[in-house]
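So you can see what is in the structure, the chains are spelled out below.
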Amino acid sequence: MTPPIRDITIVAAGQGGDGSVTLVSALGELFAGRGYHVYEAREVASRVKGGVAAASLRASVDPKRCLGDATDLLVAFDAAALEQNASALAPHAYVVYDSSEGPAPRGRIPATASVIEAPLSRLAVRDLRRDLYKNSVALGLAARLLGAPDALTEETLTTHLGKLSEQLRAANVRALRAGFAYADEAGLTAGSASWSLDRIEAEERVLMTGNEAIAFGFLAAGGRFFAGYPITPASEILEWLAERLPSFGGVVVQAEDELAAVNMTMGAALTGTRAMTASSGPGIALMQEGVGHAASAEIGIVIVDCQRAGPSTGMPTKPEQSDIGMLISGGNGDIPRIVLAPGDPREAFELTVLACDLADRYQGPVYVASDQALSQNATTIRPPDVRGISPDRGKLLREVDLRDAAEFRRYSLNGYGDGVSPWTAFGTPGGQHLVTGNERDEWGLVTTAPAMRTRMTEKRMRKLETVRDSLPRAVVSGDPKAEIALVGSGLETGVMREAAERLAASGVATKVVQIRTLWPILEDVLEALDGCRAYVVEHNATGQYAAALSAAGAAARVHSILRYDGLPFRPSELVAAVEEKEFA
Amino acid sequence: MARTYTPSLPIWCAGCGHFGVLNALRSAVRDLRIPLHEVALLAGIGCSGTIQNYLGTYGYHALHGRVVPTAIGVALADPRLTVVAAGGDGDGYAIGAGHLIHAFRRNVSLTYVCMNNETYGLTKGQSSPSGFLAGDEGSFDGPLAGLAIRGSTFIARGYTGRPEQLARLMRAALEHSRERRGFAFLEVISPCVTYADTYPDWEHTLYDVDADAAYSSGDRALAFSTALRLAEDRRLPIGLLYRAAEHAADASAPAVPASSGAPTPDLVARYEELLGRYAVRSSSGAGAAR
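Protein sequences, first through last, are from chains A and B. Our numbering puts the first residue of the first sequence at 107, with every later residue one more than the last. Our numbering puts the first residue of the second sequence at -13, with every later residue one more than the last.
With the rest of the complex left out, here is chain A (with noise of 0.2 Å):
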């Protein structure tokens, strides 16, 4: 009897096209419908079809939010892949290769593991006549591969192809009957891989994409305008809300341009509708003169920023923190803003329900810092809780209101000791008032006097701290007197967990602070690197959060790990970076 599989790590690669995605996908349900924790994660080329294209899963008992060191299970639709994915194969992995064109390179192939060479490609051929069916034939194989029931693996690939039409549905399974003859030939039984699925009881889970959190969240909170300019690797929230919002009485614009997009949520949000944006690095750098405006001229709206590599164009399918500069400091002036960042799906979503609440609370531009690795990969999750949310407007006055009000003014700094001044929606009887970027007096009428000035910008920035004790405080776990801290926020978050716990079973107490408010700095993460050598996980070549962290007084324990190469952190190399600053 072969022991079941507790944490495994599968890559599918060919070209764009090839289909990798779709068999990681199914493979990835296989592992969660047996209760597994699966994480998903695409690497691709920015282009619609070709480049090599790479799918990864984990299919762990714990919860991992991060691939693997090594990967376990490889199908490779042509040499290129192969090629690219040997060097990260475990000593015995298990090698799929894709023979219609010849026999594998094995050059860098270990030599411990097992490699099956299939014609994948001629068999979709011959028995489809597509190319196109070839994933399903190397899912027949992978699955004996892994231990699962033929049946299993066909009522899997029949639900994940459900959108499909029956033809296309019914191919797909004859390819994958064709993956299980050829196993049969090749003596592949079940289990003969020495792997077995799993039955894990398991709590109730979803598995969805950060970028679906994000979308879902901001309807869920009652939002129902967005404006957005496609970009990767936020394209999709706008997807998302495009095609759900309007059933919900919402909008969603695709706008010309990020400048209309940021502006366009603004005038949204005037009439007292949620509203939000979302981009990447190169349009968020577009919208920074809108962020200001609406910090200035009091505006609650939400901005999403779904990092990845910069400057400039960067690389656009890669993730990096390299905005968490521009996210703290951008703009012109003075800019109150606050910087929101979750670590997985479910911190996504309910991130987006808070950035919302903040919106409208301090009245004011709320960032929700993603990265596309928390964006575009899926992970199974709590489900988030739909039902208690209950939308915070804070000061927004209503007809009712204002009638027994002597008079209204929508900067008023009598009476407030908090900066935030009471609020109409354009349409309020009685609620007339002047909205401006300009300094202004009380009624939004524009001046440059110095005493006003003065006490406007105090409450502008005095609206912050009536918002800080709602701010999502860090999750600190591990072992609370370690002298070592891993801090880090978005995609290190899983990846530092693992790195923390390898560290302690090396007898190097670990503890990991995950920030989830970027900004403000809140006293907490400074409490918990106290006594602290805190190293600074990010994706970025400067530094950008350690600088901020130092700046807020942690400078002398701050120690910074980066990485800008494009690729996550695997936890292995999180260790050793850890191990070469502590043991140099």
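Rather than coming from a laboratory, the hints here were simulated on the basis of the structure. Incorrect hints may have been included.
So the derived list for chain A, only partly shown, Cβ under 8 Å to chain B, looks like this [claimed, not checked]:
#1 L258
#2 A366
#3 G373
#4 P535
#5 G536
#6 H539
#7 L540
#8 W549
Note that the structure is predicted; figures quoted are calculated from it, not measured. Note that beta-carbon positions come from the ideal geometry of N, C-alpha and C, so glycine has one too.
We have chain A already, so just place chain B on it with the hints.
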């Protein structure tokens, strides 16, 4: 009722064309009996960008060049409002020109008034993209650009030297957008008496199509060719240049309720249904559908 801001007095120079625009807008709002709280008046940057302070409506001072997209956001999010965007030729034809083209294309129901004085007045007289009088062959012609986009529905040009016609055009523009027939574009020749006092020149440059019995404002091709032919003689048409004959209301915007309060049980049920589509179903074999 709460006392709110007192409209301020215009900052404009004595004799500025913009007074004419303000008067036309004030009388259009009054004549159409629109309550002030139902008017969203958004303005750009420049001398024209103070007009929102003078009427007692909801007012918004946009970023330079961005008044049109902001107004589109307002109009889409609350179609009950009468949305008027206003700005100068620098705002609309230079830094904001990209948005103008897409406003014609989108045809969202709102009125955009471009107060064209062919100069940068507030920054003291730099040249503008709309140097028609100066003889610039490449000068940007907003109405002509709008006519070139087949989805445009209302294009007019007024002149502050002819206040009665201007008031009529302003009212027609507001009616067009309030009837949800789309984007009403009104360019107003509004001279800057300080840096480009062109009143004497415009009188013999403008050609009033409203006074031409042979002209039809329902004919896009005629509007286009008329403008081009007049330009060859260094003349510019004013009046109702084009209005789409069909009274098709734009279907772009349902009324969006201001989102607040706890969601209704019906809404929660819909969210849960949506969440269910991401659910990981334990096997027999079925998995999450994405």
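Right, here's what the structure says about each hint:
1. L258: holds, 4 Å
2. A366: holds, 4 Å
3. G373: holds, 2 Å
4. P535: Where the cut-off is 8 Å and the nearest Cβ of chain B is about 5 Å from A/P535, the hint holds.
5. G536: Result: holds, 5 Å to nearest chain B Cβ.
6. H539: Status holds, d = 6 Å.
7. L540: holds, 4 Å
8. W549: Status holds, d = 4 Å.
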